[in-house]
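Novice: Sequence:
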Amino acid sequence: MKRPPCLVVTILASMVGIVAPSNTSAVRGGRGIHHASDDGLSDEYHKPKDIPSIRTVPVSPASATAADRSNLEGRLHAVQEVLGHRPHPSYLDQTIHYYPTKQSNDGRHQHQRQRSLNHPAGRIMRNLVLLLRFSDHVGRTLPSRIDVWRLYNYDATDPFAGYVDDIVPTGSVRQLYEFNSHSTFTVETTVVDWITLSKPESYYGNGDSGFTKFKEAIIEALTILDSGVGGFDFTNFDLDENGALDGFGVLHSGYGAEYGGDDCHGAPSDDRIWSHKGGIDWTSSQEAGSGDAGAVNRFYASSSLRGVCNSNIVRMGVIVHELGHYLGLPDLYDETFDGSGLGAYDFMSQSWGLDGSGMYPPTLSAWSKVRLGWAKVEVIAYDGTYRLESSASSNTVYKIEAGYPEGEYLLIENRQPTRYDRMMEGGGGLAIYHIDDKVGDQNSRGFPSPQSDWPIDGRHYQVALLAADGKYDLERGTNQGDSGDLWHSGSALKELRSGSASYPNTDSYQSGNVTPTGVRIYGFGDSGNLMTFRVAGLGMREAGGGSTDGIARQRSLNHPAGGIMRNLVLLLRFSDHVGRTLPSRIDVWRLYNYDATDPFAGYVDDIVPTGSVRQLYEFNSHSTFTVETTVVDWITLSKPESYYGNGDSGFTKFKEAIIEALTILDTGGGGFDFTNFDLDENGALDGFGVLHSGYGAEYGGDDCHGAPSDDRIWSHKGGIDWTSSLEAGSGETVAVNRFYASSSLRGVCNSNIVRMGVIVHELGHYLGLPDLYDETFDGSGLGAYDFMSQSWGLDGSGMYPPTLSAWSKVRLGWAKVEVIAYDGTYRLESSASSNTVYKIEAGYPEGEYLLIENRQPTRYDRMMEGGGGLAIYHIDDKVGDQNSRGFPSPQSDWPIDGRHYQVALLAADGKYDLERGTNQGDSGDLWHSGSALKELRSGSASYPNTDSYQSGNVTPTGVRIYGFGDSGNLMTFRVAGLGMREAGGGSTDGIA
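The numbering of the sequence shown is the numbering used here, which starts it at 5 and goes up by one.
A portion of the hints provided could be inaccurate.
[Claimed, not checked] So the derived label-pair ranges between C-beta atoms look like this:
no., residue 1, residue 2, range
1, Thr422, Ala825, 30 to 36 Å
2, Tyr607, Asp725, 40 to 46 Å
3, Asp457, Gly431, 32 to 38 Å
4, Lys882, Glu664, 40 to 46 Å
5, Asn316, Pro454, 51 to 57 Å
6, Val381, Lys643, 52 to 58 Å
7, Ser893, Gly606, 44 to 50 Å
8, Pro849, Pro892, 20 to 26 Å
9, Glu702, Pro960, 54 to 60 Å
No lab work stands behind these hints, which were simulated from the structure alone. Please read all numbers here as calculations on a predicted model, not as lab measurements. Where is the CB? At the ideal position from N, CA and C, for every residue including glycine.
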């Protein structure tokens with residue numbers, strides 16, 4: 005039977021006064037419809053009345069008359085309360101389509117109760133899903149319970165590691181939320197098998213796509229579940245203990261009404277169910293009056309199928325949008341449908357994705373992540389150059405609020421065409437949003453020409469993307485996002501500035517009061533995982549007199565001192581080395597400061613083969629700490645190398661060389677302003693180092709000029725006492741009380757520039773980190789799991805100083821520590837992409853605990869042996885060093901002898917290679933599904949285990965760590981022994 009043409013999605017601009025998107029991405033995110041008055045609004049506000057048939061209207065654009073257009077527009081308003089998720093036009097007949105217009109905006113989704121996002125409920129949301137089969141659908145082929153469970157919960161592999169199957173082609177609902185939240189929030193879904201209802205689909209559809217009677221189906225199904233043998237324990241789904249289910253949804257056996265027309269069984273869209281969110285009032289008889297959780301007061305509904313004539317399982321686009329409402333996010337599409345709202349820059353605006361498949365719901369915008377507490381907001385308060393990692397790998401968002409009234413500000417994030425944003429047009433870039441939270445919705449679009457009175461008319465979105473091509477396509481409804489929207493070195497516009505007549509700009513426009521802020525955003529770098537941009541107009545000079553290269557004079561960049569360390573480096577040439585070929589000042593500056601490209605995007609040159617000191621520290625700190633280095637050109641000293649070496653590798657007389665160089669710099673023409681290097685204003689230089697012209701004594705033997713190692717300088721950190729004469733007594737920051745020293749060369753017979761391994765280690769000491777190698781050299785300490793232990797890397801090249809360990813990052817405040825306090829399954833992203841570290845302290849005395857991180861063989865850890873896995877460290881901070889190794893056999897009295905490292909890696913092969921000094925780390929150390937040992941448990945005679953051993957007092961903790969998943973960027977493991985049931989009485993698979 006031939007399907008008639010359908011009147012469903014797009015109304016053509018030439019026919020009706022509603023601008024429809026011109027591309028195939030004309031889909032909006034779902035609009036929830038409330039029933040009853042659970043949100044404090046009257047029923048009449050929500051219940052559709054006298055809704056005309058949404059049947060096929062055989063009109064084509066070419067033949068439409070004025071009467072047709074008038075009729076269509078009237079029907080738009082008549083169905084104003086019947087709006088849900090729109091399927092992509094590629095699924096629909098290509099005739100005339102339309103969007104229903106908005107109903108009243110007042111109270112829509114705004115009365116939803118925000119979930120109490122507290123651990124454990126804040127980290128996990130229990131979500132109950134019922135499968136509802138209409139009485140006339142018995143015998144139809146439907147997705148199985150297992151398939152639906154996989155759609156929600158699948159997490160066996162990275163969703164983009166390769167195609168799995170048609171159920172989870174791009175992962176699950178759970179994975180999408182974990183990705184967006186950077187693993188701080190998990191949706192755990194239990195799926196109840198198909199419940200057959202008492203009535204056919206047409207009864208519940210009721211000629212209005214289910215907006216009056218579908219609640220009966222939900223209540224019937226809940227009652228069936230509740231009254232079954234033994235009942236059903238709804239308390240498992242109320243982790244926040246507020247008396248109501250945390251998450252509740254239903255998937256039905258029909259085709260979604262939103263697809264329009266008749267389905268292949270002849271059911272018209274009016275008699276099918278529209279995907280939506282609503283409210284009900286139901287309480288379990290099992291828990292009624294008991295004070296336990298048993299109430300269901302809201303739901304979301306979707307078809308279990310996609311399209312109108314198949315048995316293919318639904319895509320997750322609609323589902324993740326409705327769950328966004330559960331978490332407190334509003335719709336971000338334009339409910340007037342004149343514009344596109346935020347388009348495909350947030351799945352609360354466009355949940356089907358740019359390709360319309362529903363497989364790529366776009367990543368949440370910076371605004372949504374900030375609202376949910378999933379972003380780390382850094383306020384830009386000073387002029388300077390800023391760096392921002394991709395939102396796929398970092399949760400950092402920049403905010404500019406200076407010059408704006410309360411509730412108005414700019415947010416900046418780095419969006420790249422990867423993972424769920426992979427369908428993004430263009431090569432990615434910086435998304436800059438102009439936020440006015442006093443507006444409160446996306447229904448009042450504003451843009452220049454032909455809106456002659458804009459922006460003083462006060463019309464603008466709450467969350468407006470400032471497009472880098474200046475076209476305002478989202479406001480005009482031209483598309484859902486394109487390659488011209490994001491900012492980078494090649495974007496059409498090169499800056500956002502204030503007070504200009506061009507748009508977009510950075511002026512404040514709240515309530516139509518247009519006020520220049522003075523803010524200028526410019527100097528955009530190339531698009532990539534790490535992007536740069538500049539900000540001016542916030543009251544700070546841009547660069548110590550104008551230069552930004554950091555070579556002649558360091559920039560006065562007062563972006564909080566905690567985030568930036570000014571590092572002064574002097575190049576010292578011994579008197580007998582005049583004429584030798586040495587690295588240039590520019591080359592040394594690049595070794596410290598180079599940041600033009602991702603250090604692993606491809607080989608640049610021998611100076612920065614794996615990037616710079618700055619890049620390594622920004623990577624380890626997840627862009628929260630920057631080393632800005634000024635390099636002073638070669639200063640020739642008065643004495644030869646052997647004088648300063650003095651037969652003891654420089655440990656007594658090399659300080660004389662440093663003081664001589666500082667004095668030369670201080671007394672030169674015009675002096676040298678040391679105050680630029682004391683951002684924390686403590687009276688001393690923040691960072692100070694010297695690189696000398698000789699070969700490092702640590703290489704041993706004689707160099708090619710015949711100098712023995714005793715007469716050369718050993719790389720080290722030391723203390724001096726020197727104060728600049730120019731600022732002495734004035735209160736200025738002029739003291740130098742410590743230094744680090746390294747050769748500027750590598751090896752003993754060449755002019756090749758030093759690698760950064762030694763330098764980053766010494767800077768680690770500056771920041772307060774101790775050595776993590778075994779100073780007795782009987783063992784390896786922490787080996788190649790921290791550059792404070794082994795800075796040369798496993799290949800010995802110095803090009804791959806290993807990533808700092810979880811312990812070091814915690815000590816420096818660069819890790820987000822999540823304490824595991826309950827039994828359960830936990831997920832952990834790679835330390836290369838997330839700063840999350842798990843900590844277990846229950847059962848241990850003060851100062852003793854476990855830390856867990858996910859280490860993968862990528863970036864500076866790329867030389868790691870094996871395929872990566874979980875690094876589990878046993879910490880005892882009361883030990884205080886790495887000099888007392890401990891391991892079983894032949895140490896018969898261990899661990900009661902109290903000998904163990906402060907930071908000990910619990911190796912997954914049980915060999916204790918680091919303690920024995922066998923190696924610096926190997927493929928057996930990390931935990932995963934294929935590791936030699938399968939669990940760490942307490943009170944066992946086998947080692948390693950989770951027992952406490954502080955001061956030799958061995959005490960079982962009861963902690964068990966097991967169930968390790970496959971190694972990868974997102975890993976899973978299980979913890980038991982902490983006193984909590986694992987999931988709903990013991991099951992953690994969520995299938996019920």
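Novice: Confirm or reject each hint.
Specialist: Outcome of the hint check:
1. Take Thr422 and Ala825: their Cβ atoms lie about 34 Å apart, and the range 30 to 36 Å holds.
2. Taking 40 to 46 Å as the suggested C-beta distance range, the pair Tyr607 and Asp725 conforms, at roughly 43 Å.
3. As the Cβ distance of Asp457 to Gly431 is approximately 36 Å, the hint placing it in 32 to 38 Å holds.
4. The hint said 40 to 46 Å for the Cβ distance between Lys882 and Glu664, and at roughly 43 Å that hint holds.
5. Here the CB-CB span from Asn316 to Pro454 is close to 44 Å, at odds with the stated 51 to 57 Å.
6. Range check, Val381 to Lys643: about 53 Å between beta-carbon atoms, so the 52 to 58 Å window is met.
7. Distance hint for Ser893 and Gly606: a CB-CB separation of about 48 Å, consistent with the stated range 44 to 50 Å.
8. Range check, Pro849 to Pro892: about 22 Å between beta-carbon atoms, so the 20 to 26 Å window is met.
9. Look at Glu702 against Pro960: about 44 Å separates their beta carbons, and that is not inside 54 to 60 Å.
In this structure, the hints that do not hold are numbers 5, 9, in rising order.
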